[in-house]
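The whole structure should be built from the sequences, with the hints applied where relevant.
Going down the list, the protein sequences come from chains V and R.
With the numbering used here, letter number 54 in the first sequence gets 54, and the count goes up by one each step, no holes.
Remember, the numbering used here sits 114 above the position in the second sequence when you count from 1.
It should be emphasised that the hints constitute simulated quantities derived from the structure, not laboratory data.
Among the clues, some could well be false.
[Said to hold, decoys possible] Cβ-Cβ distance ranges computed for the label pairs, FRET-style:
(1) V:E69 to R:G156: 19 to 27 Å
(2) R:S121 to V:D59: 19 to 27 Å
(3) V:E17 to R:H187: 44 to 52 Å
(4) R:F206 to V:D59: 16 to 24 Å
(5) R:T189 to V:G63: 41 to 49 Å
(6) V:D26 to R:K227: 37 to 45 Å
[What the hints assert, rightly or not] Going by beta-carbon spacing under 10 Å, a handful of chain V positions derived as facing chain R:
(7) R9
(8) K13
(9) Y35
(10) G40
(11) L45
(12) F48
(13) N101
(14) E102
(15) P107
We treat Cβ as the ideally placed atom computed from N, Cα and C, and that holds for glycine.
These are the residues of each chain, in order.
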Amino acid sequence: DVKVTQSSRYLVKRTGEKVFLECVQDMDHENMFWYRQDPGLGLRLIYFSYDVKMKEKGDIPEGYSVSREKKERFSLILESASTNQTSMYLCASSLITSGSNEQFFGPGTRLTVL
Amino acid sequence: KNEVEQSPQNLTAQEGEFITINCSYSVGISALHWLQQHPGGGIVSLFMLSSGKKKHGRLIATINIQEKHSSLHITASHPRDSAVYICAVCPFMNYGGSQGNLIFGKGTKLSVKP
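Shown next as structure tokens:
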């Protein structure tokens with residue numbers, strides 16, 4: 001079974017803090033994704049990566065950066081957290097050769113920025 | 115206009131009722147996914163379809179590629195079916211979707227009352 005883990009289920013941070021969200025997958029997937037999920041808006045893609053040290057902006061990259069130093073690990077960084085970044089953050093991974101683009105999701109991190 | 119539209123947004127049903135959730139999309143696709151998200155966050159894949167119909171237990175998913183439409187049916191609904199159901203499509207590469215990306219609907223929140 002593919003396992004995607006995220007470093008925290010719940011996180012509370014203060015405005016202006018630097019926040020790191022970590023995601024690890026154990027199935028040697030090339031693609032990794034970071035989404036945020038908000039009521040009424042669904043899943044929105046922040047960044048994705050298709051290889052180590054490669055990254056691509058998604059639909060809403062502003063205020064975020066990412067790091068992929070190892071194939072299994074994809075980190076999302078909030079350089080200076082703001083209250084409008086309070087959200088559920090979901091990480092996913094998939095095989096690059098999968099014609100259906102099936103993605104496997106982590107359990108999510110609910111981030112609250114005060 | 116969203117490329118993937120789901121209806122209804124919210125659905126309340128009585129236990130035992132037959133439920134249908136609809137998904138329409140506007141891009142050419144190679145596959146469509148139905149995902150389930152229980153309260154607490156984790157997203158799991160229910161079905162992956164490229165044509166026809168699939169059944170798993172009380173869940174049935176159908177797709178009509180010509181009409182760009184899919185439905186998810188739940189027979190004999192139960193309170194444990196309460197969740198958000200998300201439709202996601204895998205676009206053909208020439209529609210601009212990067213390899214590995216999915217386009218998500220905003221989800222349908224289902225609540226089944228005992």
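Report task. Look at the Cβ atoms of V:E17 and R:H187 and judge whether their distance stays inside 44 to 52 Å. Result -> Given a distance of about 46 Å, which is inside 44 to 52 Å, the answer is holds.
Query raised in the report: Hint check: is the beta carbon of V:E102 less than 10 Å from a beta carbon of chain R?
Result: 6 Å, holds
**Report entry** Interface hint compliance - V:N101 to chain R, C-beta minimum distance less than 10 Å
**Finding:** Holds. Min distance 4 Å.
Query - Supplied contact hint for V:Y35, tested at 10 Å Cβ to chain R - result: 8 Å, holds
Query raised in the report: Holds or violated: is there a CB of chain R closer than 10 Å to the CB of V:F48?
Result: 7 Å, holds
Requested in this report: May I ask you to test the interface hint for V:K13 with respect to chain R, counting a Cβ-Cβ separation under 10 Å as satisfied?
Outcome: Result: violated, 18 Å to nearest chain R Cβ.
Query raised in the report: In this structure, is the beta-carbon distance linking R:T189 and V:G63 contained in 41 to 49 Å?
Result: 44 Å, holds
**Report entry** Range hint 19 to 27 Å (beta carbons of R:S121 and V:D59) holds or violated
**Finding:** Since the Cβ atoms of R:S121 and V:D59 sit about 22 Å apart, the hinted range of 19 to 27 Å holds.
Query - Pairwise beta carbon distance, R:F206 to V:D59, judged against the given window 16 to 24 Å - result: Because 19 Å falls inside the window, the suggested range holds.
Query raised in the report: Holds or violated: is there a CB of chain R closer than 10 Å to the CB of V:L45?
Result: 7 Å, holds
Query raised in the report: Has the hinted range 37 to 45 Å been met by the Cβ atoms of V:D26 and R:K227?
Result: 39 Å, holds
Query raised in the report: Quick one: are V:E69 and R:G156 within 19 to 27 Å, going by C-beta?
Result: Given about 26 Å between the Cβ atoms, the range holds.
Hint 8 from the earlier list is the only one contradicted by this structure; the remaining hints agree with it.
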